[in-house]
Amino acid sequence: MERFTKQSGFTLIELMISIVVLAVLLGLAAPSFVELVRNNRIQTSADQFFTSLILARSEALKRNQPVVMCKSTDGENCTTANDWARGWLTYADEDADGVLDSGEPIINAQQGLSGGYTLRTKGSTFTHKLTYRQDGSASGFDTFVLCDAKGDTTSAKEVVINIVGRPRMTKTTDDCSP
Numbered sequence: 009m010e011r012f013t014k015q016s017g018f019t020l021i022e023l024m025i026s027i028v029v030l031a032v033l034l035g036l037a038a039p040s041f042v043e044l045v046r047n048n049r050i051q052t053s054a055d056q057f058f059t060s061l062i063l064a065r066s067e068a069l070k071r072n073q074p075v076v077m078c079k080s081t082d083g084e085n086c087t088t089a090n091d092w093a094r095g096w097l098t099y100a101d102e103d104a105d106g107v108l109d110s111g112e113p114i115i116n117a118q119q120g121l122s123g124g125y126t127l128r129t130k131g132s133t134f135t136h137k138l139t140y141r142q143d144g145s146a147s148g149f150d151t152f153v154l155c156d157a158k159g160d161t162t163s164a165k166e167v168v169i170n171i172v173g174r175p176r177m178t179k180t181t182d183d184c185s186p
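Here the working numbering is used: the first residue of the sequence shown is 9, the next is one more, and so on.
It is worth saying that the hints were derived from the structure and are not from the lab. Take these hints with a grain of salt, some might be off.
To be verified - Cut-off 27 Å, straight-line C-alpha distance, at most; resulting in silico cross-link-like pairs (BS3-like, lysine-lysine):
id, residue 1, residue 2
1, K179, K158
2, K158, K137
3, K179, K137
4, K137, K70
5, K179, K130
6, K130, K158
To be verified - For each label pair, taking beta carbons as the anchor points, the in silico distance ranges come out as:
id, residue 1, residue 2, range
7, D183, S110, 37 to 43 Å
8, S40, S110, 30 to 36 Å
9, R174, Q73, 18 to 24 Å
10, S40, E112, 46 to 52 Å
11, I62, I25, 51 to 57 Å
12, N48, G111, 36 to 42 Å
13, N90, I171, 24 to 30 Å
14, I62, L33, 38 to 44 Å
15, V168, I27, 17 to 23 Å
The beta-carbon is built from N, C-alpha and C at its ideal position, and this holds for glycine as well.
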């Protein structure tokens, strides 16, 4: 007498249906993943700038002297060209003249932001540099706007510096079009 054993597994049709369902789910999830990666990258860039502001302010308090943060493309000299996304540096302004002189210590030099972002000011206070006084207050107040290369405002960030010198980060409602 022959015994038949029950076979288990997937049929070819079940396998094909599973692959189609998986492909549909991946097709729906891929745009969300791309958006997640883009948001994460712009958040990281905003955090870099925000951290540099916190460092500049704390160094001004610690050293009891002005600390300047200026645009820089080479990490050694301040520049008035380009936007802040090309890079910046922070230095102790020992003679309080607002100019990076030889011998003044560079506290931090930040290379440009990757990803083709733009980082600009809304106003005209910190167009080229900002100074933190020895009491931690800023030389003015302004808002920096960080946008992606496409000018999309959905993931754009603002870094607001109040007159006391405290930075805070928010989502922007500003127009990011180039």
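Taking the hints in turn, this is what the structure says about them:
{"no.": "1", "hint": "K179 / K158", "verdict": "holds, 17 Å"}
{"no.": "2", "hint": "K158 / K137", "verdict": "holds, 26 Å"}
{"no.": "3", "hint": "K179 / K137", "verdict": "holds, 23 Å"}
{"no.": "4", "hint": "K137 / K70", "verdict": "holds, 20 Å"}
{"no.": "5", "hint": "K179 / K130", "verdict": "holds, 14 Å"}
{"no.": "6", "hint": "K130 / K158", "verdict": "holds, 18 Å"}
{"no.": "7", "hint": "D183 / S110: 37 to 43 Å", "verdict": "holds, 41 Å"}
{"no.": "8", "hint": "S40 / S110: 30 to 36 Å", "verdict": "violated, 51 Å"}
{"no.": "9", "hint": "R174 / Q73: 18 to 24 Å", "verdict": "holds, 19 Å"}
{"no.": "10", "hint": "S40 / E112: 46 to 52 Å", "verdict": "holds, 48 Å"}
{"no.": "11", "hint": "I62 / I25: 51 to 57 Å", "verdict": "holds, 54 Å"}
{"no.": "12", "hint": "N48 / G111: 36 to 42 Å", "verdict": "holds, 40 Å"}
{"no.": "13", "hint": "N90 / I171: 24 to 30 Å", "verdict": "holds, 27 Å"}
{"no.": "14", "hint": "I62 / L33: 38 to 44 Å", "verdict": "holds, 42 Å"}
{"no.": "15", "hint": "V168 / I27: 17 to 23 Å", "verdict": "violated, 50 Å"}
In the structure shown, a violation is registered for the earlier hints numbered 8 and 15, in ascending order.
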